[in-house]
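*Asks:* The primary structure of each chain is shown beneath.
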Amino acid sequence: MFVLDKNAIKNVEFIGTMSKLHRELYRIIISTPAYFRETRGGLLLKLADEALYEVYMTNRRIPKTKKQADKRAEHLAASMDILNKMQVSMISLFNIANIDDKCKKYLSYLLTKEIKLLNGLKKSDEKLYGDLT
Amino acid sequence: MSVLKNKRKEAKSQYVESFEQLYDYMSTTLISIPKRKHEFLAVPIMNKLNAIYEKIHSLNNDYFQFGIKIKDVPDRAKEVMKDIWSIEGDLLRLWNIEYKKYTTDKMTHCVTLFNDMLHKMINYGNLNI
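First to last, the protein sequences are chains A and B.
For the first sequence, our numbering begins at 354 and goes up steadily by one.
For the second sequence, our numbering begins at -16 and goes up steadily by one.
Bear in mind the hints are in silico, worked out from the structure with no lab data behind them.
Every value quoted in this text rests on a predicted model; they were computed, and no experiment measured them.
Backbone N, C-alpha and C fix where the C-beta goes; we use that ideal spot for every residue, glycine too.
Watch out, some of these pointers could steer you wrong.
[What the hints assert, rightly or not] Simulated restraints on C-beta separations:
| no. | chain 1 | residue 1 | chain 2 | residue 2 | range |
| --- | --- | --- | --- | --- | --- |
| 1 | B | H21 | A | S477 | 32 to 42 Å |
| 2 | B | D7 | A | R380 | 21 to 31 Å |
| 3 | A | D358 | B | D7 | 25 to 35 Å |
| 4 | B | A34 | A | N472 | 34 to 44 Å |
| 5 | A | K359 | B | D99 | 21 to 31 Å |
| 6 | B | K84 | A | S384 | 16 to 26 Å |
| 7 | A | T392 | B | S15 | 24 to 34 Å |
| 8 | B | L110 | A | F447 | 45 to 55 Å |
| 9 | B | K65 | A | D484 | 28 to 38 Å |
| 10 | A | G395 | B | E0 | 33 to 43 Å |
| 11 | A | N448 | B | D99 | 45 to 55 Å |
| 12 | B | K65 | A | N448 | 31 to 41 Å |
| 13 | B | K31 | A | K475 | 26 to 36 Å |
[Claimed, not checked] Here chain A is said to cover these stretches of chain B; the calculated rule only asks that three of the stretch's residues, wherever they fall, bring their Cβ under 8 Å from a Cβ of chain A:
| no. | region |
| --- | --- |
| 14 | 19 to 30 |
| 15 | 76 to 86 |
| 16 | 94 to 100 |
[As the list claims (entries may be wrong)] Straight-line alpha carbon distances no greater than 20 Å define the calculated SDA-like cross-link-like pairs of lysine to any residue that follow:
| no. | chain 1 | residue 1 | chain 2 | residue 2 |
| --- | --- | --- | --- | --- |
| 17 | B | K84 | A | I362 |
| 18 | A | K438 | A | A450 |
| 19 | A | K373 | B | T86 |
| 20 | B | K89 | B | P17 |
| 21 | A | K424 | B | S69 |
| 22 | B | K38 | B | Y6 |
| 23 | B | K18 | B | M29 |
| 24 | B | K20 | A | E391 |
| 25 | A | K399 | B | E71 |
| 26 | B | K65 | B | V94 |
| 27 | B | K20 | A | R380 |
| 28 | B | K18 | A | E377 |
| 29 | B | K20 | A | S384 |
Let the sequences and hints guide you as you build the complete structure.
*Replies:* Right under this line is the structure:
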């Protein structure tokens, strides 16, 4: 088991953004009506939880062997997959729940930024750890 | 015979007591979570802990009262360990949402209790993990 690394949240951008997105989603969905919170909202929170966990696992250790690099790539792929799924649920959140435009923009910005950061990480990982044996 | 029984009681009390410490700690800290967030943050953890509580006590009772076969112990101990591991994600979520409340010290203490429990479970089940 591991603790939440507060230094990583401050210093590692892709973890910090994911952490903000997770907190912001909880803040918004908890204040939505129960009919939404217990259906699509709950689903979206579950996806956000999974994404946060996978992003954390991605950064858990710096790979020194090919096996570790593969594991990191697996977690990275899983987090990107979940974030892409979240886009669909976010559209339904924006359509059904009464959320102000500022929040919508901020959530979209965080989600897009996180996906971009993870894409960048994937490319740099391929360069850095592609040669490991 | 009585000496053996006492030794077994010690072995029993180690992992059960360790779990009870963890259970007490978690239930007292989770109470302080605001009501609106309770359903998302505290309830899933408490549900999992309650399920583990039952499994651990039934494992303990079966072993001492009905004498379950030794070969069954590792499987059941592994099952309990899997359940304990599954709380990791819930804890991460809790700590991220209640970012200000959970200091690194508090989190470390919680993880120590979890690791202690896992360690005793490994010893009890003679698991090669």
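*Asks:* Evaluate each hint against the coordinates.
*Replies:* Structure-based check of all given hints:
1. H21(B) with S477(A): 32 to 42 Å: Because 40 Å falls inside the window, the suggested range holds.
2. D7(B) with R380(A): 21 to 31 Å: Hint holds: Cβ distance 30 Å, inside 21 to 31 Å.
3. D358(A) with D7(B): 25 to 35 Å: holds, 27 Å
4. A34(B) with N472(A): 34 to 44 Å: holds, 39 Å
5. K359(A) with D99(B): 21 to 31 Å: For D99(B) against K359(A), whose Cβ atoms are near 23 Å apart, the range 21 to 31 Å holds.
6. K84(B) with S384(A): 16 to 26 Å: Holds, since K84(B) and S384(A) (Cβ atoms, about 19 Å apart) stay within the stated range.
7. T392(A) with S15(B): 24 to 34 Å: For T392(A) and S15(B) the Cβ distance comes to about 28 Å; the hint holds.
8. L110(B) with F447(A): 45 to 55 Å: Given about 48 Å between the Cβ atoms, the range holds.
9. K65(B) with D484(A): 28 to 38 Å: At roughly 36 Å between Cβ atoms, D484(A) and K65(B) fall inside 28 to 38 Å, so the hint holds.
10. G395(A) with E0(B): 33 to 43 Å: holds, 36 Å
11. N448(A) with D99(B): 45 to 55 Å: holds, 48 Å
12. K65(B) with N448(A): 31 to 41 Å: Since the Cβ atoms of K65(B) and N448(A) sit about 39 Å apart, the hinted range of 31 to 41 Å holds.
13. K31(B) with K475(A): 26 to 36 Å: holds, 33 Å
14. 19 to 30: Result for this restraint: holds, n = 3.
15. 76 to 86: It holds: at least three residues are needed, and the region 76 to 86 of chain B offers 6 whose Cβ sits within less than 8 Å of chain A.
16. 94 to 100: holds (count 3)
17. K84(B) with I362(A): Distance of about 16 Å is within 20 Å: holds.
18. K438(A) with A450(A): holds, 18 Å
19. K373(A) with T86(B): holds, 17 Å
20. K89(B) with P17(B): holds, 18 Å
21. K424(A) with S69(B): Holds. K424(A) to S69(B) sits at ~19 Å (cutoff 20 Å).
22. K38(B) with Y6(B): Judged against 20 Å, a Cα distance of about 13 Å means the pair holds.
23. K18(B) with M29(B): holds, 15 Å
24. K20(B) with E391(A): Cα-Cα ~13 Å, so holds.
25. K399(A) with E71(B): Since the Cα atoms of K399(A) and E71(B) sit roughly 14 Å apart, the hinted pair holds (cutoff 20 Å).
26. K65(B) with V94(B): Holds - the C-alpha atoms of V94(B) and K65(B) are around 16 Å apart, at most 20 Å.
27. K20(B) with R380(A): Given pair K20(B), R380(A) holds - Cα atoms ~9 Å apart, limit 20 Å.
28. K18(B) with E377(A): holds, 18 Å
29. K20(B) with S384(A): Holds, because 10 Å separates the two Cα atoms, which is no more than 20 Å.
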